[in-house]
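Novice: The residues making up each chain are set out below.
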Amino acid sequence: MAFKITSSPHVTKNSQTATVMQRVILCALPGLVVQCVYFGWGSLIQVLLAIAVALVAEAAVMKLRKRAVGVALGDYSAVLTALLLGIAIPPLAPWWVIVIGTLFAIVVVKHLYGGLGNNLFNPAMAAYVLLLIAYPVQMTTWVAPAPAAQYSPDLLASISQIFLPGSGDINLFRLGIDGTTMATPLDTMKTGLSMGLTSTEVLAKPLFDEGLSIGWFWVNMAYLAGGLVMLKLGAIRWQISTGMLAALFICSGIGFMMNPDTHGSPVFHLFSGATMLAAFFIATDPVTAATSNRGRLIFGALIGVLVYVIRQYGGYPDAVAFAVLLANLCAPLIDYYVRPRTYGHRSGN
Amino acid sequence: MSNYREIAWQGLWKNNPGLVQLLGLCPLLAVTATVTNALGLGVATMLVLIFSNILVSLVRDFVPKEIRIPVFVMIIAALVTTVQLLINAYAYGLYLSLGIFLPLIVTNCVIIGRAEAFASRNTPAKAAFDGLMMGLGFTAVLVVLGAVREILSQGTLFAGADQLLGSWAANMTIQIWHVDTSFLLAMLPPGAFLAMGFLIALKNVIDTKLQEKQPTAEQQEIARARITKVN
Chain A
1 MAFKITSSPH
11 VTKNSQTATV
21 MQRVILCALP
31 GLVVQCVYFG
41 WGSLIQVLLA
51 IAVALVAEAA
61 VMKLRKRAVG
71 VALGDYSAVL
81 TALLLGIAIP
91 PLAPWWVIVI
101 GTLFAIVVVK
111 HLYGGLGNNL
121 FNPAMAAYVL
131 LLIAYPVQMT
141 TWVAPAPAAQ
151 YSPDLLASIS
161 QIFLPGSGDI
171 NLFRLGIDGT
181 TMATPLDTMK
191 TGLSMGLTST
201 EVLAKPLFDE
211 GLSIGWFWVN
221 MAYLAGGLVM
231 LKLGAIRWQI
241 STGMLAALFI
251 CSGIGFMMNP
261 DTHGSPVFHL
271 FSGATMLAAF
281 FIATDPVTAA
291 TSNRGRLIFG
301 ALIGVLVYVI
311 RQYGGYPDAV
321 AFAVLLANLC
331 APLIDYYVRP
341 RTYGHRSGN
Chain B
1 MSNYREIAWQ
11 GLWKNNPGLV
21 QLLGLCPLLA
31 VTATVTNALG
41 LGVATMLVLI
51 FSNILVSLVR
61 DFVPKEIRIP
71 VFVMIIAALV
81 TTVQLLINAY
91 AYGLYLSLGI
101 FLPLIVTNCV
111 IIGRAEAFAS
121 RNTPAKAAFD
131 GLMMGLGFTA
141 VLVVLGAVRE
151 ILSQGTLFAG
161 ADQLLGSWAA
171 NMTIQIWHVD
181 TSFLLAMLPP
191 GAFLAMGFLI
201 ALKNVIDTKL
211 QEKQPTAEQQ
221 EIARARITKV
231 N
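Sequences listed follow chains A and B, in order.
Note that this note's numbering gives residue 96 to position 96 of the first sequence, counting from 1, and the numbers run on in steps of one.
Note that this note's numbering gives residue 159 to position 159 of the second sequence, counting from 1, and the numbers run on in steps of one.
Quick caveat, the hints were computed from the structure, so don't treat them as lab data.
Some hints could be false.
Within a straight-line C-alpha distance of at most 30 Å, the following computed DSSO-like cross-link-like pairs (lysine-lysine) qualify [claimed, not checked]: (1) A:63 x B:209; (2) A:66 x B:209; (3) A:63 x B:65; (4) B:213 x B:14; (5) A:66 x B:213; (6) A:66 x B:65; (7) B:14 x A:66.
If we strip away everything but chain A, and leave its shape as in the complex, we get:
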């Protein structure tokens, strides 16, 4: 047995950008699969289209900037951005929605600010907000989840809806079993509460099953599972996710205790919309988050509070994209006030 003598560091960890990004992408796949089970092939097609556009855009911009194209394509960061955006937008949105969004994410949000590592905002979320503001109708037309839907889109229907928008009636796929148009759980809750229903009455609608959102619950569970695997692999740190979920749980808990009729329960908030996707895959983007451990906790908690405030009192049903962008803005400030003590120095200076 030969003992090799090497100098420190003796414990090495494979933490290159490409490896981390690959792990994050792989861990997001179960969630994507569950999403496809409940909402048809649309999400998968959107993701593939987004990845293709992102790679072309990334290569073109790197060429324009006279940088190495291969390195940028090999670090998988553009693929991850495209994946997150493709997951986030409605499965049957027309093709130009995802193309415009991906181009904006890669060219404007990422490369105009200096490329990977220099962007102020999370590219996928900035693009999502752009799309939501520019195309409110397309961006809020979600398909009804399969068990509760009258018609579920098969592969052919998904393709024709995405690439030939207007070829069929998209509203057909939004019909529930009872023949009424379905929205997302968060949207239904918001509309229901504003119409004077209590949250229990809203949860009795066919979109929900025993107080849980059909489809959305399992999508969130799959992202939670993927996130836990990422934590185990060390691809992300626990602080941001924990901070966000805890803050959302506490805020919704306080609201629910004060008046359960006009507030969704903590479980409803944690397992609806993009909560888990945001907590593990979006907010944890190392470029745009705070950088110290305490800073990460504050950063995550800020997102959680903002998500709850916007969901409960804002104009949009889900709030993850806005909350993440606002927290991105605060990240430098958080870093400034939460500087870890340098070894050998007193804290404070």
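Please arrange chain B on chain A, whose structure you already have, making use of the hints.
Specialist: Chain B only, in chain A's frame:
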């Protein structure tokens, strides 16, 4: 005469109030959703700018330095009120769509800036020319921004031109392309900021290209002077 050429160059390009000095951003971003609005506000600002420059230049020797700013502001306010009343009388539709931004011309930094920096130090003729050129530069930026945003959001140009020019212009609307789903963002303030950023970037690119074409003056090498004596 080259002096006038320099003034024109400064106003239209090199020191453009919209793209370089970034003055008057509030109306610049708020009313440029269509070309018609942009042109209307641009022309109104230009008129105010020319006459305020002339008046400030005329009174420059009689106004004590200490109270010059209040005097300038009063001159500008009087002119803005005049322009506002004129537009209210002759282009009522435009008056409605420009809204608060018409009286707000009085706070436009371009106008007080030119009064202070140029008109209070130059002859009325030069001041008037400077006002015209700065106004043209400002209007040009407004119109380009308005055109970009109108094409992106509605696919048209000069929609509603009859509000500005009278009923004969009702058919002036040009349909560039037909949009099923309008790109709402271009109509909203964030779109204005984005478009403005791209315009400034474009100007910087053109400037860099122009600079590359210019022959660079050769730098004279500094010969090292010997201080110690060699024997």
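Novice: Indicate, hint by hint, whether the structure satisfies it.
Specialist: Hints and how they fare:
| no. | hint | verdict |
| --- | --- | --- |
| 1 | A:63 x B:209 | holds, 19 Å |
| 2 | A:66 x B:209 | holds, 17 Å |
| 3 | A:63 x B:65 | violated, 56 Å |
| 4 | B:213 x B:14 | holds, 17 Å |
| 5 | A:66 x B:213 | holds, 21 Å |
| 6 | A:66 x B:65 | violated, 54 Å |
| 7 | B:14 x A:66 | holds, 29 Å |
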